[in-house]
Amino acid sequence: MKRLLIAALLAAPLAVSANGAFKDCSMKASKTTKKADLMKMAKVTPDEAKKAAMTAAGGTVVTKGGIETEDGCLIYSYHVKDASGKGQTEVFVDAGNGKVLKTEKESATRAALEKPVDKTKELAGAAKESTTGKPSTSQSPPK
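For the sequence shown, counting from 1, position 42 maps to 48 in our numbering; every step adds exactly one.
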């Protein structure tokens with residue numbers, strides 16, 4: 007419980023309002039929709055979205071990311087490493103039409119601060135997926 011509280015406190019300053027960046031998205035989705043269902047809804051493939059993200063960020067390596075919902079929109083979010091290797095750009099790609107909706111530059115410090123937030127999101131995603139009674143791929147088998 008303490009870890010979740012700490013992660014939430016760390017996430018609060020990192021939370022960024024969409025400021026209208028997602029108001030023109032082409033597809034809507036709920037935060038509670040499972041990843042498998044999000045993938046079925048998407049009209050753009052992950053490879054197409056990665057290519058758009060790398061082009062927008064001017065990088066060649068995606069360090070993390072995938073399909074998700076942000077402010078009610080179905081998007082791909084990818085972190086693309088910059089050429090210097092000291093920072094990265096988070097690129098939000100519309101999963102319906104492949105349009106880049108928003109980019110955010112992140113320093114190495116901010117990327118390090120996001121690690122606990124990413125772990126919390128991973129655990130929440132695993133919990134959401136496991137409501138079907140099937141173990142998530144991120145869960146280890148019982149001993």
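What the hints contain is simulated information worked out from the structure, not anything from laboratory work.
Be aware that a few hints might be false.
[To be verified] 20 Å max Cα-Cα, derived EDC-like pairs, lysine to aspartate or glutamate:
1. Lys108 with Asp43
2. Lys57 with Asp88
3. Lys70 with Glu110
Now for the hints, and whether the structure bears them out:
1. Lys108 with Asp43: 24 Å, violated
2. Lys57 with Asp88: The hint holds at about 15 Å.
3. Lys70 with Glu110: 14 Å, holds
In summary, the one numbered hint that this structure violates is 1.
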